[in-house]
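S.K.: Residue strings, one per chain:
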Amino acid sequence: MTSAFYDLTVSHFLILAAALFMIGVAGVLLRRNAIIVMMSIELMLNAANITILAFSRGFAGEHRAAFQGQTFALIVIAIAAAEAAVGLAIVVTVFRSRRHSDIDRLTLLKN
Amino acid sequence: MEKTSKLLFLIPLLPLAGAFLNLFVWRVLSPSTGRLRQSDKLTHYTAILSVLAAFVLSCYLIGGPLWEQFNVWRKLGEGKPEIMGGLHQSVWTWIEVGSLKINLAFRLDTLSAVMLLVITGIGTLIHIYSVGYMHGEKRYPAYFGYLNLFTGMMLILVLGDSLPVMFIGWEGVGLCSYLLIGFYFDEDKNANAGRKAFIANRVGDFAFLLGICLLFYATKSVNFADLQSAASISALKDTFVGGERMAFMIGLLFFIGACGKSAQIPLYVWLPDAMAGPTPVSALIHAATMVTAGVYMIARMSFLYAHSTTAMAIVAGIGALTALFAAIMAFAQTDLKKVLAYSTVSQLGFMFVGVGIGAYTAGVFHLITHAFFKAGLFLAAGSVMHAMSGSGDITKMGGLRKLLPRTHISFLVYCLAIAGIVPFAGFFSKDEILAGAFGAHAEGWAPLYGKFLWAVLSVAALGTAFYMFRLYFLVFSGENRADAETKSHIHESPYSMTIPLLILAAFATVIGLIGLPHLQGVHLPTILHDWLAPSLVNFERPSLLDAKGLPSVGEGHASDAMTLGLMGVALVVGMVGIAAAYALYGRGPSAKVAKMCETELGGEVHRVVYNKFYVDELYEASILAPFRATARFLYEVVDRFLIDGIIVNGSAYIIDVLSRLARWFQNGQVQRYLVGVVIGGALIFYFASSPKLGFKYEQKAGNLVEFRPDVGEGMDAKGALIEFDFDLDGEPDHSASFVPGQDMIVPYSFGGEGSYKVTMTMTDSVFKKKYKVTRTVHVKGPDTGREGGAQ
Amino acid sequence: MNQVVVRWLWVSIAAALVVFFVAAPGLALAAEHSAQAEVSAHTFKNSKAVAFLFWFLAAGTLGGSIFVITRRNMVTAVMGMVATFFAIAGLFLMLYASFLAVMQVLVYAGAIMVLFVFVIMILNRPEDEPWAIHGLLGKGMAAIGLLYLFKRLASILWQVKDTHGLVVEKAQLAADVVLNHADPGVAAGTKELITRSYQFGSVEGVGYTLFSNYLFPFEAVSIVLLVAVVGAIAIARPLHKEAEMADQEAP
Amino acid sequence: MNGASALLPAVLALPLIGAILVMLLPKDEDGLARGVAMGVSLLTFGLSLAILVPYDINPSHGSMQLVFDKEWIPGLGAHFKVGVDGISLLLILLTTFLTPIILLSARTSITSKVREFCAIMLILEVGMLGAFMALDMFLFYVFWEIMLIPMYLLIGIWGGQRRIYASIKFVIYTMLGSLLMLVAIFYLYAQYGAVTGEYTLDLMSLDKLVLPHNVQVYCFLAFALAFAIKVPLFPLHTWLPDAHVQAPTAGSVILAGVLLKFGVYGFLRFAMPLFPYGAAQMAPYIAYLAVAGIVYGAFVAFAQSDVKKLVAYSSVSHLGFCMIGLFALNSQGIEGSIYAMISHGLTTSGLFLAIGVVYERRHTREMSEYGGLWRQMPVFAALFLICMLGSVGLPGLSGFVGEFLTIFGTFIADKSFPVGWDHFLPHPMLLAAAATTGVIFGAVYLLYMFQKMMFGELKEQNKGLQDLSWREIGVFTPLVIGIFVLGLYPKPIIKVMNPAVDQFIRSYKEKLAEPDGPAHIKGLPAPGTEVPTAEAPSEAGDTPPNEAVAPNPAHGEPGHID
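Protein chains in written order, with our numbering: chain S, 1 to 111; chain R, 112 to 902; chain Z, 903 to 1153; chain A, 1154 to 1715.
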């Protein structure tokens, strides 16, 4: 039993990333405040990053693919940044017109 | 032995044409002053002329070609054909489908000739009478139109060569009686009477229709000529349901039809109410012609009834019952026309007995005589009511002898005729029926059945004489009981009404001579008997001889003394009836009868008889009320609630509920949808992944059974531990780890034959989750071979 | 009561920072040191310290992220987020992706978190009802669903057996980048297979791959960033525009 | 023959062109719209009479004549194939005969949106004529649906208060049935394709296919449901009273006059010839439902206070007769059923028109409101009496011939068809007796209605009613003449339908005699169960019997299916 604790394998990182992802999803599902939801999305993206790098490190070996993982992780970070920016801009405008940023009350598109 | 004649179809066509002119054509042509008015003269002349023309034409046809053919037929010796075809004409093929072929064809033979003369003769007289009676009536053209239509339909009925054509006439007259009874439809009472008549007739027609179908089913033909053929006769004799012959069933159905039309016991209720119509209508339709259609039909189908003595027994039995029953009911009636109505029902009973015992000639003879004096009676009643400004209540009449001389004389003659006093027609015809009944015996009948019928009829004859003369004395003798106002109006009817009365009275006396009784000794001319012989079945026919070669239905050639004796008895019965009536009602309503009514028993009897034995109320309760109830029930419960409410609207409601549920879930909250996604995903994963566990087993030699587990292709099956527990003791008997791809067989031999419970458990190598499945294994004995069972 | 928690949070963040800055060089040393020692292909065989480090960072990440989604006060949430980012950076380092670790700290912790802090400053109103799904049933079902999905995912991920293990004998992972087009440095006409190898997590390697095989994604991302910036500005400033519009219309 | 065969599509196209023409008229030209519609419908009637000229009354070969066949959807194998035989010719004549009458009668009752009304009536006529003529299953289904829409609009737009409910119920009821039919059609289509390799929807070729017995029963039930709803057979009839009560007079007349006939026609043309074994098995059950319908319809009609509902239930009762005649499976029964359909078309249309006349004057359908109308409107009373008597089945009028033949056919039914009858019913005679009671009940409720409306004393509010105008008399006279002529001289009508019915019974008996087993063409052995040829059994083993395409003998050889 203790070997699983000490011998780090790829799946450790993967399961960690999965846990982080689940927490992110929980955040998105359960929280009302838009910003917390945005942050949870960031968490989910980070989880993805961890997975990419874990696989890149675990499987790439000498093969040049090793760097593919990292470039992708980089791109993910960039996209995350862009997404955060636009998302927060929307949240700000919503706040300005509605005086609140609770997602569950934004139901205009219902029917 | 039949001749085709071109003119036959004209007889029914003439009155129909008259009706068409009166009902449709004259109205349109005559200058309508806003309301369709046409001159009365034009109406009644067209009507009377058309019926008169029909009468003249039929006299010509009967006198000419038919008389020749009759003489030729009579002179034929032994080999003469039994049935003389008479004049025949087929206008066009009406319905021709597959083997069923019905032509619109007419046949005039001796029987229909007699009916023809009665209908057109009396019809013309009544048309003339109606001119006076219906004077000033607003719907004058309609009345005469319907009367002509009726005569036309009756002629079709009489001349019809096949049963469906007769059926046209049969229902046609039913329609006309509906229209004419309900002529004064302003009051609902009359309209109801009309409807009641039509529906009662319709019940009869229901049986008539089924009779036609069964007849065709048996003999493959519907017209009278083919039905006489040997093949169809033999078909009639083969047994139908319940051991009885086919002829019995067909005969019974047609008899029910006749009951409906001729108002016999079960279906007579409509005739007394039919008096709501104008009196000439009652005279023509409900005395002379329509009601006798049933008797004519049975006479026409004599060949069929002759082959089923049980059917004849039923006809005679019901006839006798009706005769007696109606006579009793007539005692207590206070309305003039109601008494005559019950008398008609009773006299029809006599005719049915005559026809029922095989004495068809007697039945038809009574039909003819009854037509004359009953029509006369109704017309006389009409002129009395005409005089009494419309009221028919005999308690308000009396002493009209001097005031209405002509009506009184004719009324007296009719009463004597119907009571059966010697010179008058009634005596001879009624006596012939009584004599026939007395001597009647047939195969399969109770020995004294004839005598019983004779006794019942004699009592009925007594009753007839009694109530007729009760009527006579109440109306004509004693002092006038009318109130002053109507008394002042009493006047003799105009000649156009009284002349037909006198003519009919003359006939009522003379007509009796055509049917003189059979006397061995003295050879009296039996005109009617010989005349009708070619149309009716003669019982010496080979097919009718029973086992011993005797005719199955005998009329019993009684000795002269017997016939004269019977005639004497009948005369005495009539006289006794008249005497009793004189004693009680000689001078107006009798005090004795009134006293008798006070007594507790007498009053009760009087009330029951007066209310016509509550038969109408019985029908209302037993048939009409339940009919309305079921109708309402079926509509409200079955149709509206059951089918509509539950099935149709019910399913719509369910769909509505489901849709509302879905609408509640979609409330625009994005996160709620995401939760839905997550839960859905989880469920899918959960159900998709649980391995479908199971095992197959095969029984090899003896009790050795091989088990082969098959595990669903779940990811974690590799290296799973499979354990079998054969004897259900909880701990596994055999366990092995599962290697996918390699086929794992676990042999185990059971104790013996029978079925055992085997459980297999699989534990997941990774998560140590246990999956269990138990199945019963049927181990067969060595002989029944292998029993393979697959999951 | 939540002041205690807040204080406890500050302590954990500080510890994470200290550990990170200490661990990084230690890790590098360990890598050097272990380069010579024989290491089984799959795991940090012999160094318990590294295992402890991993579990600590894992705890940091998960703890931080739970903080993010549970805290009612948004500022504490942001702090939790920052802690998570630092822990993740540590994890990157353990995976030898040092360049990424730095980028993580720089971009995420630095830029994005700062952005969040600004926005929080604008609309920092105390939350009255934090949870979107009302009622225990909704939350409970969602939680169970998530947990079950996590369990299934974990049971699958658990069977992933990597081929090269996290630590290769040689610390340096030679990555032969094959040039199949004329390298500017090489004389024209001669096509020569030049293989260069870079250390696994080094900037040159990532840079090289990024600008050779993945040039197009790089350009695309840059456009995306541009669009994002323009979009953010366009969305966030209509207020003033209305004011201007109003001025223009009113002559 | 080519000239004549273009006649049928012409009869079909004429009302369509008429409908388009009417729609093109300017908005408020009511009179013009009515005139054009009337003209077109009369023209169509003339043209349909012209069909009789090239039509050969007793054809020797197969019964379909004037067949016009053109490729419609090649992919699907659906042809625009129309043809006419004894049965459909009569029903086409009935349709074209009734439509002008309805248009004439609708002058006063339809006042709003007259243009649309005329167009809808003409489109409805197209739908009906097309469905009667169609010889291609798909074409039939298309026309069957085309009929539905105008009827829905008729009830929906010009109807009474609860018209929306009634029209929706009517459409969904019919749709439900016909969808199942569509499934059965395409099953048949697939089976035929599998057996002969050639995919076509033409009725003539599908008729050659003999399905295994149990499949025949299921397919028959699928078809039967669609047509039973239309008939309407007893339990599925609840849409009819609502549709009639809420429909305008014109809608009621066309619904009762022609649309109900599609149910029986469908049984006769599609359900029974295609699946004879199913029909024979189901014959007793449907006969029972028909008799129940007769008695039930009569009882419920008696309990009505609304005169239109009464006549609607009377239709249920009358069509019960048609159904029982049909399932007597002998020539008298079937010809009686067709005859009863035509006479019901005339008499019930007459009754509905009469009710329409009275409704236009008093705007109420409650019988208690009327009374004593005879004295007030004698001409109307006379015409109404004749229609009522025709409906009651008085001999000499059209109703009797139909009813008599159906009862007659059922009575002698067991002699003609052993299958299906004897093992279930006590005896067809008892069934016929039960049906004949309908004759009594028919008289009961119709006379009850007639007395409530016509007899009794004249109520105050009915005093001012004026009698029929010449136009209204013009509406009634053709019907009355038809009732008389059909009653007294049915010979020509029966002569026309005789060959078609004999052909129907002959082919029905032939197909009934086919052995059970996998689907095969009539006469040919089932594909795959060919005589085992010499090749090695192993090789034959691998081609599963159903897929093996029977070698389609070359053109001209016997058994060639073109």
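These aren't lab readings, by the way, just hints derived from the structure by calculation.
Glycine included, every Cβ here is placed at the ideal spot set by N, Cα and C.
A couple of the hints might just be wrong.
[Claimed, not checked] Which residues of chain S face chain R? A partial, calculated answer using Cβ under 8 Å:
#, residue
1, Ile75
2, Ile79
3, Arg99
4, Thr107
[To be verified] Restraint-style ranges between C-beta atoms, simulated for each label pair:
#, chain 1, residue 1, chain 2, residue 2, range
5, R, Phe796, A, Pro1227, 26 to 36 Å
6, R, Gly756, A, Tyr1371, 51 to 61 Å
7, R, Lys300, A, Lys1616, 44 to 54 Å
8, R, Lys300, A, Thr1517, 47 to 57 Å
9, Z, Phe1113, R, Leu794, 38 to 48 Å
10, S, Arg105, A, Thr1517, 40 to 50 Å
11, R, Phe738, A, Ser1213, 44 to 54 Å
12, S, Arg105, A, Ile1170, 57 to 67 Å
13, A, Glu1351, R, Phe849, 34 to 44 Å
S.K.: Against the structure shown, which of the earlier numbered hints fail to hold, in ascending order?
M.R.: Hints 1, 2, 3, 5, 6, 7, 8, 10, 13 not satisfied by this model.
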